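Which chain is which? The protein sequence lines are A and B, in order.
Under the working numbering, the first residue of the first sequence carries the number 1, and numbering increases by one thereafter.
Under the working numbering, the first residue of the second sequence carries the number 1, and numbering increases by one thereafter.
Please note that the accuracy of each hint is not assured.
Stated by the list, open to error - Quick list of in silico lysine to any residue cross-link-like pairs, SDA-like style, CA-CA up to 20 Å:
| no. | chain 1 | residue 1 | chain 2 | residue 2 |
| --- | --- | --- | --- | --- |
| 1 | B | K170 | B | K304 |
| 2 | B | K154 | A | V201 |
| 3 | A | K154 | B | N299 |
| 4 | B | K304 | A | G152 |
| 5 | B | K154 | A | G76 |
| 6 | A | K304 | B | G209 |
| 7 | B | K154 | A | R310 |
| 8 | B | K154 | A | G306 |
| 9 | A | K134 | B | T77 |
| 10 | A | K258 | B | A291 |
| 11 | B | K170 | B | M70 |
| 12 | A | K154 | B | L211 |
| 13 | A | K154 | B | S292 |
| 14 | A | K258 | B | E288 |
| 15 | B | K154 | A | K134 |
| 16 | B | K32 | B | V72 |
| 17 | A | K304 | B | L211 |
| 18 | B | K220 | A | L294 |
| 19 | A | K154 | B | S307 |
To be verified - A few chain A residues that don't get close to chain B, going by computed Cβ distances all over 12 Å:
| no. | residue |
| --- | --- |
| 20 | A2 |
| 21 | R6 |
| 22 | G24 |
| 23 | L57 |
| 24 | Y60 |
| 25 | D171 |
Derived from the structure by calculation, the hints contain no laboratory data.
Since we're looking at a predicted model, the values are computed, not measured.
Ideal placement from N, C-alpha and C gives every residue a C-beta, glycine not left out.
Below, each chain spelled out in residue letters.
There are 2 protein chains.
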Amino acid sequence: MAEEIRITIDEFRDVLYQKLIKHGALQEEAKKTSEIFALNAADGVISHSILRVWRLLSHYDNGLVVPGRMPVFVSGTGAVARYDGNGTSGVLSASFCMEKACELADRFGIGMVALRNANHWMRGGYYGHLAADKGKVAICWTNTRANLPSWGSKVSNIGNNPFVMAVPGKDGKHLVLDSAMSQFSNGKLEVMRRAGKLLPVDGGYDQEGNLTRVPGDIEKTRRSIPMGFWKGSSMSILLDACAAILSDGLNTASIERKMQKDGTDEAFLCQIFIAIAPEALGESRLEEIEASILDSVHNAQPVKEGSPSRCPGERVFRDREAAFRDGILVPAESWKQILEL
Amino acid sequence: MAEEIRITIDEFRDVLYQKLIKHGALQEEAKKTSEIFALNAADGVISHSILRVWRLLSHYDNGLVVPGRMPVFVSGTGAVARYDGNGTSGVLSASFCMEKACELADRFGIGMVALRNANHWMRGGYYGHLAADKGKVAICWTNTRANLPSWGSKVSNIGNNPFVMAVPGKDGKHLVLDSAMSQFSNGKLEVMRRAGKLLPVDGGYDQEGNLTRVPGDIEKTRRSIPMGFWKGSSMSILLDACAAILSDGLNTASIERKMQKDGTDEAFLCQIFIAIAPEALGESRLEEIEASILDSVHNAQPVKEGSPSRCPGERVFRDREAAFRDGILVPAESWKQILEL
Numbered sequence: 001m002a003e004e005i006r007i008t009i010d011e012f013r014d015v016l017y018q019k020l021i022k023h024g025a026l027q028e029e030a031k032k033t034s035e036i037f038a039l040n041a042a043d044g045v046i047s048h049s050i051l052r053v054w055r056l057l058s059h060y061d062n063g064l065v066v067p068g069r070m071p072v073f074v075s076g077t078g079a080v081a082r083y084d085g086n087g088t089s090g091v092l093s094a095s096f097c098m099e100k101a102c103e104l105a106d107r108f109g110i111g112m113v114a115l116r117n118a119n120h121w122m123r124g125g126y127y128g129h130l131a132a133d134k135g136k137v138a139i140c141w142t143n144t145r146a147n148l149p150s151w152g153s154k155v156s157n158i159g160n161n162p163f164v165m166a167v168p169g170k171d172g173k174h175l176v177l178d179s180a181m182s183q184f185s186n187g188k189l190e191v192m193r194r195a196g197k198l199l200p201v202d203g204g205y206d207q208e209g210n211l212t213r214v215p216g217d218i219e220k221t222r223r224s225i226p227m228g229f230w231k232g233s234s235m236s237i238l239l240d241a242c243a244a245i246l247s248d249g250l251n252t253a254s255i256e257r258k259m260q261k262d263g264t265d266e267a268f269l270c271q272i273f274i275a276i277a278p279e280a281l282g283e284s285r286l287e288e289i290e291a292s293i294l295d296s297v298h299n300a301q302p303v304k305e306g307s308p309s310r311c312p313g314e315r316v317f318r319d320r321e322a323a324f325r326d327g328i329l330v331p332a333e334s335w336k337q338i339l340e341l
Numbered sequence: 001m002a003e004e005i006r007i008t009i010d011e012f013r014d015v016l017y018q019k020l021i022k023h024g025a026l027q028e029e030a031k032k033t034s035e036i037f038a039l040n041a042a043d044g045v046i047s048h049s050i051l052r053v054w055r056l057l058s059h060y061d062n063g064l065v066v067p068g069r070m071p072v073f074v075s076g077t078g079a080v081a082r083y084d085g086n087g088t089s090g091v092l093s094a095s096f097c098m099e100k101a102c103e104l105a106d107r108f109g110i111g112m113v114a115l116r117n118a119n120h121w122m123r124g125g126y127y128g129h130l131a132a133d134k135g136k137v138a139i140c141w142t143n144t145r146a147n148l149p150s151w152g153s154k155v156s157n158i159g160n161n162p163f164v165m166a167v168p169g170k171d172g173k174h175l176v177l178d179s180a181m182s183q184f185s186n187g188k189l190e191v192m193r194r195a196g197k198l199l200p201v202d203g204g205y206d207q208e209g210n211l212t213r214v215p216g217d218i219e220k221t222r223r224s225i226p227m228g229f230w231k232g233s234s235m236s237i238l239l240d241a242c243a244a245i246l247s248d249g250l251n252t253a254s255i256e257r258k259m260q261k262d263g264t265d266e267a268f269l270c271q272i273f274i275a276i277a278p279e280a281l282g283e284s285r286l287e288e289i290e291a292s293i294l295d296s297v298h299n300a301q302p303v304k305e306g307s308p309s310r311c312p313g314e315r316v317f318r319d320r321e322a323a324f325r326d327g328i329l330v331p332a333e334s335w336k337q338i339l340e341l
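Chain A extracted, bound-state conformation (with noise of 0.2 Å):
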C-alpha cells in the first residue's frame, strides 16, 4: 500500500492555479481549469484529476494545448452544431460544448454538439453534473486512442470510448453514469495498481493470455476486456462512428495512426454532447420518478446483508461533501511529483 497524504481540495486548486500558470495557462483558464480538477478530485476521481495534472501541463508545454484559444463554430443549423477543438484545453472544449448543448436545449427542447479535433476531457462525467446543474437531462460520450481490443481481437484496436449520462436530481443529487466501455478505465487500473490492490473481477490478460484481476499485468498487455464481452466492444465501435461521423473528425484507429506518426500524446479527439429540456416536453413527475427508483435499487434485498445496492453518482455526493470537509487522501509520491512540475 503506497503511502498517503491528506491535502485540502482549496490546497489541490491553488497549486494547480500556479501550476497551469507556470506552463503557460492564462488567468481564466487557469482559474476554471483549477476549479474543474478540484471539484473532480473532490468527487472521488483521483484517477483523472491529482493523476492526470501531469498530463494536463504536459499538454501546454508540447503545444497541444494553445493558451487562450476556444473551440471554433464549423457549420451546422437548427439544433446541431459542428465545432473544433482547435488546440483548446480539453477540460474547457468539453464544458464550453456542454453549455451550446443546453443552450440549444433552451431553444429547441433538445441540442447537440459535435466537436472535433479535442484534447483529453479528463473525466466525462463532469460534464453530465454541468448540465444537469442546469436542469438538462445529458448523453455524452468522447472516442479515445486504440486502447482497447475489440471482441474476438487480441490488439488494442477500439478506443474505451467513456460514455456518460445525467438527469438532474433533488437537491443537485444527480444520477449519473460515467462508465468507459472497458469493464475498467485505464484510470481505475493506475489507481489499483498504485494500491497495490487485485480488481474485483477479471479485468483482462496477462502476459501468458491468461484473465487476471492483476491490473498492472493488464497494462502491460494493454489487452483490458470490454464491458459485457461483444457488448462493450460493439458499443465501442458504434460510438467511435458516431462521434467521428458527425463531428467530421478522426475515429480511433486514425488517431492511433496519427499519434503514432507525430509521437505525440492522445489528442484529436471526438465528442458529442447532447442536452434535453424535460420542460420542453411538459410537466414531469421528475422526483417522483427519482424516489421510486432510489428506493427500488436501495430497498432490494442484497446479495450482502449491510451491502445495499446503490444508484450511479450516489458515492459522489457523499465523497463531495467529505472532500470539501476533511480533504482527500493522495497518493504522496502523485503529491509531490504535482508541486515539482
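Chain B: place on chain A using the hints.
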C-alpha cells in the same frame, strides 16, 4: 437439440398476417406488423420474432392492443415531442415514434420523441435500421419490467432496458448496436435453452446462488447478470430514469407493481427515440470513416486464428440475404404452435 424446420420469409409473413386478422388486427396494421416481424426473423432475431408471435397475438386478445389505434400527441415543442401509446401495437407505436423523430431531425438537425404507455417493441434493432434507412444516426431505448437484479441485489429490481444505436452504412449495411443491459437478453436465454446449449460466459445465478452458464437455470431464478456487472446495472438505471422522466410515464419499479396488481403482461413501457440528420452538421467523410473502422476491426490479429473480430450489425446482413433466398430454420414445435394460434 430440438427439431427444426425450414420456412420461407414470405410464408412466415403471410401466416402471421392471417393470424393477426383472426385476432382482430385491421388489414393495414396486420400488413405492416407482419412485414416487420418477417424482417426481424430474416435478420436472425428468432427470439423477438418467431418466438414472440404468441405474445403479440395475446396483446390483441387481452386488450393491451386495441386495433386501429395510433400514438397520441401529448405535449412538446421545437425538436421534442411526447406521445402516449394509446393501446397501439408495440411495433407500430415504436415505428411511428422513430419516424416522427426522423421528421423532427429533418427540420432541426436532431429530434426526439418520448413515448409512454407503450406495448413491447419486440426487437429494438429494427427501429435503428428504420432510421438508418432514412440516412439518420439514431439512439433509442425502452424500459422494461423488473427482470434484472441491480448489482448487489438478490432480486430483480431493474429492467434489462434494450439500448440501440445506429449509423447508416454504405449500400444499406448499417452499423447497429442492439443490446439489453443484461449480459444475455431473455430472448437469448430462451433460444439457448431451446437449443440445449450452454452460454459462452456466465449469464447469471442458479438456485444455489452460484454463477452459471445454464440458460434454463437463470430463467428459473430470474437472476441474470448485468453486462459488465455494475456498469450495466448503472446504465439500466439511467435509461429507466431518462425514459420515465422525459415521457412522464412509468419507471421499471412502477411497471412491475402495476403488472403484479393487474395481472397483465409487460406493458405501459417508456421509450426514447433520438434521430440525427448528419447533413445538418455539414459535410462528413462517412464512408471513409466507416471503412477505417471496419478495417481496424476485421484486420486486427484475432484471438482465435480464422475468427476475425466483427462490427455490430454485420451478421444481420449476411443472415438477411440468406434468409430471403433460402428461408430460415425455426424450432418445429414453435412453428406448429403458431399455426394453431
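Tested hints:
1. K170(B) / K304(B): violated, 28 Å
2. K154(B) / V201(A): Measuring from Cα to Cα gives roughly 18 Å; hence the hint holds.
3. K154(A) / N299(B): holds, 11 Å
4. K304(B) / G152(A): holds, 7 Å
5. K154(B) / G76(A): Distance ~48 Å between K154(B) and G76(A) Cα, so the pair is violated.
6. K304(A) / G209(B): holds, 12 Å
7. K154(B) / R310(A): holds, 13 Å
8. K154(B) / G306(A): holds, 13 Å
9. K134(A) / T77(B): Measuring from Cα to Cα gives roughly 19 Å; hence the hint holds.
10. K258(A) / A291(B): holds, 17 Å
11. K170(B) / M70(B): Violated - the C-alpha atoms of M70(B) and K170(B) are around 33 Å apart, more than 20 Å.
12. K154(A) / L211(B): violated, 26 Å
13. K154(A) / S292(B): Since the Cα atoms of K154(A) and S292(B) sit roughly 18 Å apart, the hinted pair holds (cutoff 20 Å).
14. K258(A) / E288(B): holds, 16 Å
15. K154(B) / K134(A): violated, 36 Å
16. K32(B) / V72(B): Cα-Cα ~19 Å, so holds.
17. K304(A) / L211(B): holds, 15 Å
18. K220(B) / L294(A): violated, 26 Å
19. K154(A) / S307(B): holds, 11 Å
20. A2: With a cut-off of 12 Å, A2(A) remains clear of chain B, as the shortest Cβ separation is near 25 Å.
21. R6: holds, 28 Å
22. G24: holds, 32 Å
23. L57: holds, 31 Å
24. Y60: holds, 30 Å
25. D171: Check passes; 16 Å lies beyond 12 Å.
This entry does not satisfy hints 1, 5, 11, 12, 15 and 18, going by the numbered hints stated previously.
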